[in-house]
Amino acid sequence: MWKKRILAIIILLLGVGIAFFVFKSEPKLNKNFENQSSFFKHSPFRLGLDLSGGSHLVYKADVSGIQSGQVSDSMSALRDVIERRVNLFGVSEPVVQVQEGGFTSGGDEKLIVDLPGITDVEKATAMIGQTPLLEFKIEAPADAPRQVKVDKDGTATLDAGPQFVSTELSGRYLKKATLEFDQNTREPKVGLQFDETGTKLFAQITKDNVGKIIAIYLDGAPISAPVVREEITGGTAEISGSFTPTEAKQLVGRLNSGALPVPITLLSRQTIGASLGDNAVAAGVKATILGFLFIALFLILWYRLPGFIAVISLCIYISIILTLFKLLPVTLTAAGIAGFIISIGIAVDANVLIFERVKEELRSSRTIADSVSVGFSRAWFSIRDSNISSIITATILFWFGTSLIKGFALTLGMGVLVSMLSAITITRIFLSGISFLGEGKVARFLFSSGISK
Amino acid sequence: MFIINNKKIFIWISIVLVVLSLSLVFIFPPKIGIDFKGGALTEVLYKSVRPTQADLEIAFKSSTLGSILLQPTGDLGYIIKSRDLNEAEHNLLLKTLSLNDKNFLDEKSFNSIGPSVGRELTKKAIIAIILVSLGIICFIAFAFRKVSKPVSSWKYGFMAVVSLLHDVTIPIGLFAILSHYFGAEIDTLFVVAILTILGLSVSDTIVIFDRIRENLRNQVAIAKVNFNEIVGKSLEQSYVRSICTSLTVILVLLSLFFFGPESTKYFALMLTVGMFFGTYSSIFLASPLLVWINELQQKNKK
Numbered sequence: 001m002w003k004k005r006i007l008a009i010i011i012l013l014l015g016v017g018i019a020f021f022v023f024k025s026e027p028k029l030n031k032n033f034e035n036q037s038s039f040f041k042h043s044p045f046r047l048g049l050d051l052s053g054g055s056h057l058v059y060k061a062d063v064s065g066i067q068s069g070q071v072s073d074s075m076s077a078l079r080d081v082i083e084r085r086v087n088l089f090g091v092s093e094p095v096v097q098v099q100e101g102g103f104t105s106g107g108d109e110k111l112i113v114d115l116p117g118i119t120d121v122e123k124a125t126a127m128i129g130q131t132p133l134l135e136f137k138i139e140a141p142a143d144a145p146r147q148v149k150v151d152k153d154g155t156a157t158l159d160a161g162p163q164f165v166s167t168e169l170s171g172r173y174l175k176k177a178t179l180e181f182d183q184n185t186r187e188p189k190v191g192l193q194f195d196e197t198g199t200k201l202f203a204q205i206t207k208d209n210v211g212k213i214i215a216i217y218l219d220g221a222p223i224s225a226p227v228v229r230e231e232i233t234g235g236t237a238e239i240s241g242s243f244t245p246t247e248a249k250q251l252v253g254r255l256n257s258g259a260l261p262v263p264i265t266l267l268s269r270q271t272i273g274a275s276l277g278d279n280a281v282a283a284g285v286k287a288t289i290l291g292f293l294f295i296a297l298f299l300i301l302w303y304r305l306p307g308f309i310a311v312i313s314l315c316i317y318i319s320i321i322l323t324l325f326k327l328l329p330v331t332l333t334a335a336g337i338a339g340f341i342i343s344i345g346i347a348v349d350a351n352v353l354i355f356e357r358v359k360e361e362l363r364s365s366r367t368i369a370d371s372v373s374v375g376f377s378r379a380w381f382s383i384r385d386s387n388i389s390s391i392i393t394a395t396i397l398f399w400f401g402t403s404l405i406k407g408f409a410l411t412l413g414m415g416v417l418v419s420m421l422s423a424i425t426i427t428r429i430f431l432s433g434i435s436f437l438g439e440g441k442v443a444r445f446l447f448s449s450g451i452s453k
Numbered sequence: 001m002f003i004i005n006n007k008k009i010f011i012w013i014s015i016v017l018v019v020l021s022l023s024l025v026f027i028f029p030p031k032i033g034i035d036f037k038g039g040a041l042t043e044v045l046y047k048s049v050r051p052t053q054a055d056l057e058i059a060f061k062s063s064t065l066g067s068i069l070l071q072p073t074g075d076l077g078y079i080i081k082s083r084d085l086n087e088a089e090h091n092l093l094l095k096t097l098s099l100n101d102k103n104f105l106d107e108k109s110f111n112s113i114g115p116s117v118g119r120e121l122t123k124k125a126i127i128a129i130i131l132v133s134l135g136i137i138c139f140i141a142f143a144f145r146k147v148s149k150p151v152s153s154w155k156y157g158f159m160a161v162v163s164l165l166h167d168v169t170i171p172i173g174l175f176a177i178l179s180h181y182f183g184a185e186i187d188t189l190f191v192v193a194i195l196t197i198l199g200l201s202v203s204d205t206i207v208i209f210d211r212i213r214e215n216l217r218n219q220v221a222i223a224k225v226n227f228n229e230i231v232g233k234s235l236e237q238s239y240v241r242s243i244c245t246s247l248t249v250i251l252v253l254l255s256l257f258f259f260g261p262e263s264t265k266y267f268a269l270m271l272t273v274g275m276f277f278g279t280y281s282s283i284f285l286a287s288p289l290l291v292w293i294n295e296l297q298q299k300n301k302k
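Quick mapping for you: the protein sequence lines, in order, are chains U and H. Reminder that position 63 of the first sequence reads as 63 in our numbering, one-by-one numbering, no gaps. Reminder that position 221 of the second sequence reads as 221 in our numbering, one-by-one numbering, no gaps.
One or more hints might be untrue.
In silico DSSO-like pairs for lysine-lysine, Cα to Cα no more than 30 Å straight-line [said to hold, decoys possible]:
1. U:Lys406 to H:Lys102
2. H:Lys301 to H:Lys31
3. H:Lys265 to U:Lys326
4. U:Lys406 to H:Lys61
5. U:Lys286 to H:Lys47
6. H:Lys8 to H:Lys155
7. U:Lys28 to H:Lys47
8. H:Lys102 to H:Lys47
9. H:Lys61 to U:Lys123
10. U:Lys189 to U:Lys286
11. U:Lys406 to H:Lys299
12. U:Lys359 to U:Lys406
13. H:Lys233 to U:Lys359
14. U:Lys123 to H:Lys37
15. H:Lys102 to U:Lys123
16. H:Lys124 to H:Lys301
17. H:Lys47 to H:Lys61
18. U:Lys326 to U:Lys24
19. H:Lys155 to H:Lys265
20. U:Lys123 to H:Lys301
21. H:Lys8 to U:Lys123
22. H:Lys31 to U:Lys406
23. H:Lys102 to H:Lys124
24. H:Lys95 to U:Lys123
25. H:Lys265 to U:Lys28
Since the hints were derived computationally from the structure, they do not count as laboratory data.
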């Protein structure tokens with residue numbers, strides 16, 4: 001008997017511990033949040049775009065020019081490129097994902113980009129679509145025609161500086177770019193490493209142009225014009241313009257992200273203002289708390305002592321689910337919160353089925369302890385059967401849904417699974433833990449339910 | 001036993017409800033949202049004064065944005081429905097709404113969906129509906145594989161499916177009213193609501209059928225089984241728990257409807273109605289139908 005009571009106390013303490021974690025890791029609940037250890041700090045709820053505000057972009061990738069076997073490779077390359085660009089944009093926790101063009105998605109390969117907190121879509125789409133153009137130009141022969149610039153007032157000026165002509169070498173042959181710092185001046189510079197073809201081209205160009213200038217152009221504008229001292233065969237070069245460290249870092253990022261492997265077009269766009277999201281969160285929290293209170297009230301009034309125990313196990317269930325939301329993490333949307341709220345209602349179902357059964361067994365004049373154990377084992381089949389259908393629905397919705405539906409399916413499905421476990425095991429342990437109440441009239445009253453008797 | 005003895009009345013009530021819902025859908029066909037047909041939805045909030053709808057309509061007439069539907073929201077806001085817009089057209093829309101920057105406004109949300117995305121979503125929704133229905137029918141068939149006397153197990157399954165159809169038709173009828181009078185549109189959440197009702201309401205029917213199954217098994221020894229009595233007894237034993245389990249879900253759904261986020265209001269309302277009729281049908285429709293079909297069977301034998 002003592003074993004069961006100790007077990008009940010351990011479960012209760014574990015539940016309090018989990019609830020404590022949820023409380024501690026939530027900045028709005030914990031006044032002392034700033035001083036917490038990083039474990040608590042790094043587990044906030046992850047809010048979807050409709051709650052946090054931000055932009056949701058869907059691109060269509062044109063893979064018609066790609067061999068069918070290489071589509072998924074180029075799509076993941078595309079995702080990497082876009083992800084790097086988005087990260088460069090300074091977005092916190094962007095989500096870039098490929099949606100395969102199976103028969104469910106109309107045959108198009110798609111790229112979905114979620115940018116939390118970014119509502120200036122124009123800027124974002126420009127950034128995503130931008131490809132850095134890196135060119136290496138050499139001095140034109142002295143007899144080449146010179147460019148003449150004519151001003152508005154009619155005076156013509158001859159461009160006296162050296163003329164440059166394009167070479168074959170471009171950002172296409174770049175293997176990678178790195179951020180470096182000059183050892184003497186501590187100025188940031190960008191190191192370039194060419195691939196095999198690029199190395200050969202660069203060696204040829206430097207060999208032919210010793211003593212002359214090679215100009216490096218970025219997006220059509222010269223950014224650096226070093227003089228070649230000797231042939232460079234190692235395939236490395238560096239750009240040492242007058243960068244700020246941030247500029248140099250951005251350039252490295254843009255060069256590394258390279259050109260898009262496949263052309264993309266914007267299909268759909270969604271922007272949600274932050275205020276709308278905040279209101280939705282507040283409403284969701286309010287609905288959850290009130291819904292919980294209604295259920296708690298109903299359980300205690302109708303099922304008395306077992307109802308009270310069900311409320312405790314419901315609290316533990318809610319703590320477990322919220323912790324899972326934080327740790328997995330699950331991205332919460334308005335639909336996801338709805339799924340969670342419904343799962344609270346369903347979580348109690350198992351307890352209701354058990355208590356009704358226990359009540360029935362009590363009527364057939366069993367002892368309380370017997371009724372509890374028989375009630376649990378007999379109710380199990382209806383609990384299992386009645387939850388399977390919800391799990392089927394949630395699973396299919398999860399596989400076929402858009403991100404919005406996925407959020408709902410995930411919270412509902414998780415809720416049903418976890419609640420089956422918590423409602424049955426936790427309530428059972430608690431109910432056996434309080435068997436010391438005996439079989440007296442008071443105990444029987446506490447264990448019966450409903451309005452009658 | 002009251003329900004079983006008066007089964008014809010209850011079956012008729014359900015038939016009337018279903019016919020009423022279906023005719024509502026035909027009289028007020030629900031509008032289809034931009035999720036499925038493509039288009040753009042913009043919500044703006046003016047800083048101090050809201051221009052009149054007529055002024056804005058005149059302003060939009062001269063623009064190239066096509067037909068625009070303005071819908072006032074709150075004291076200072078509008079919801080604007082249009083065809084799907086690219087970035088330049090989106091800016092033009094905002095400029096027109098501000099009547100060339102004379103009225104300051106905040107854009108609260110903007111959603112533009114291309115027609116191809118809409119078609120894709122429609123396809124996905126249809127596949128999801130088919131799969132969920134198949135999954136649930138398979139589950140029902142599995143759940144009732146063992147009981148075959150005196151009513152064969154596929155009939156339990158069939159009755160469960162009939163009551164499911166009843167449970168989704170009524171919320172759809174309600175949605176037709178919401179669509180007609182409050183501008184609700186069929187979107188992805190609508191489809192999710194329908195599928196969730198399928199999942200939730202079948203579980204109620206299962207709880208009661210489960211009890212019938214258990215009582216039948218216990219009475220196998222008795223030679224003459226009175227099926228009507230067993231169903232009646234099973235109903236009496238299980239209707240309280242059936243109502244209680246639904247009540248807990250309805251309580252949270254109502255709190256979601258009254259206090260929850262704006263975007264899930266209709267969703268919560270549809271689920272509430274679906275849940276309510278799901279419980280109603282498992283007590284007042286599925287079991288009476290089961291008895292009724294058994295009686296037909298007996299008559300045919302004679």
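Checked hints:
{"no.": "1", "hint": "U:Lys406 to H:Lys102", "verdict": "42 Å, violated"}
{"no.": "2", "hint": "H:Lys301 to H:Lys31", "verdict": "50 Å, violated"}
{"no.": "3", "hint": "H:Lys265 to U:Lys326", "verdict": "26 Å, holds"}
{"no.": "4", "hint": "U:Lys406 to H:Lys61", "verdict": "40 Å, violated"}
{"no.": "5", "hint": "U:Lys286 to H:Lys47", "verdict": "28 Å, holds"}
{"no.": "6", "hint": "H:Lys8 to H:Lys155", "verdict": "18 Å, holds"}
{"no.": "7", "hint": "U:Lys28 to H:Lys47", "verdict": "29 Å, holds"}
{"no.": "8", "hint": "H:Lys102 to H:Lys47", "verdict": "11 Å, holds"}
{"no.": "9", "hint": "H:Lys61 to U:Lys123", "verdict": "29 Å, holds"}
{"no.": "10", "hint": "U:Lys189 to U:Lys286", "verdict": "53 Å, violated"}
{"no.": "11", "hint": "U:Lys406 to H:Lys299", "verdict": "50 Å, violated"}
{"no.": "12", "hint": "U:Lys359 to U:Lys406", "verdict": "39 Å, violated"}
{"no.": "13", "hint": "H:Lys233 to U:Lys359", "verdict": "17 Å, holds"}
{"no.": "14", "hint": "U:Lys123 to H:Lys37", "verdict": "27 Å, holds"}
{"no.": "15", "hint": "H:Lys102 to U:Lys123", "verdict": "24 Å, holds"}
{"no.": "16", "hint": "H:Lys124 to H:Lys301", "verdict": "46 Å, violated"}
{"no.": "17", "hint": "H:Lys47 to H:Lys61", "verdict": "24 Å, holds"}
{"no.": "18", "hint": "U:Lys326 to U:Lys24", "verdict": "12 Å, holds"}
{"no.": "19", "hint": "H:Lys155 to H:Lys265", "verdict": "37 Å, violated"}
{"no.": "20", "hint": "U:Lys123 to H:Lys301", "verdict": "77 Å, violated"}
{"no.": "21", "hint": "H:Lys8 to U:Lys123", "verdict": "66 Å, violated"}
{"no.": "22", "hint": "H:Lys31 to U:Lys406", "verdict": "24 Å, holds"}
{"no.": "23", "hint": "H:Lys102 to H:Lys124", "verdict": "44 Å, violated"}
{"no.": "24", "hint": "H:Lys95 to U:Lys123", "verdict": "18 Å, holds"}
{"no.": "25", "hint": "H:Lys265 to U:Lys28", "verdict": "26 Å, holds"}
Hint check: violations occur at hints 1, 2, 4, 10, 11, 12, 16, 19, 20, 21, 23; the rest are consistent with the structure.
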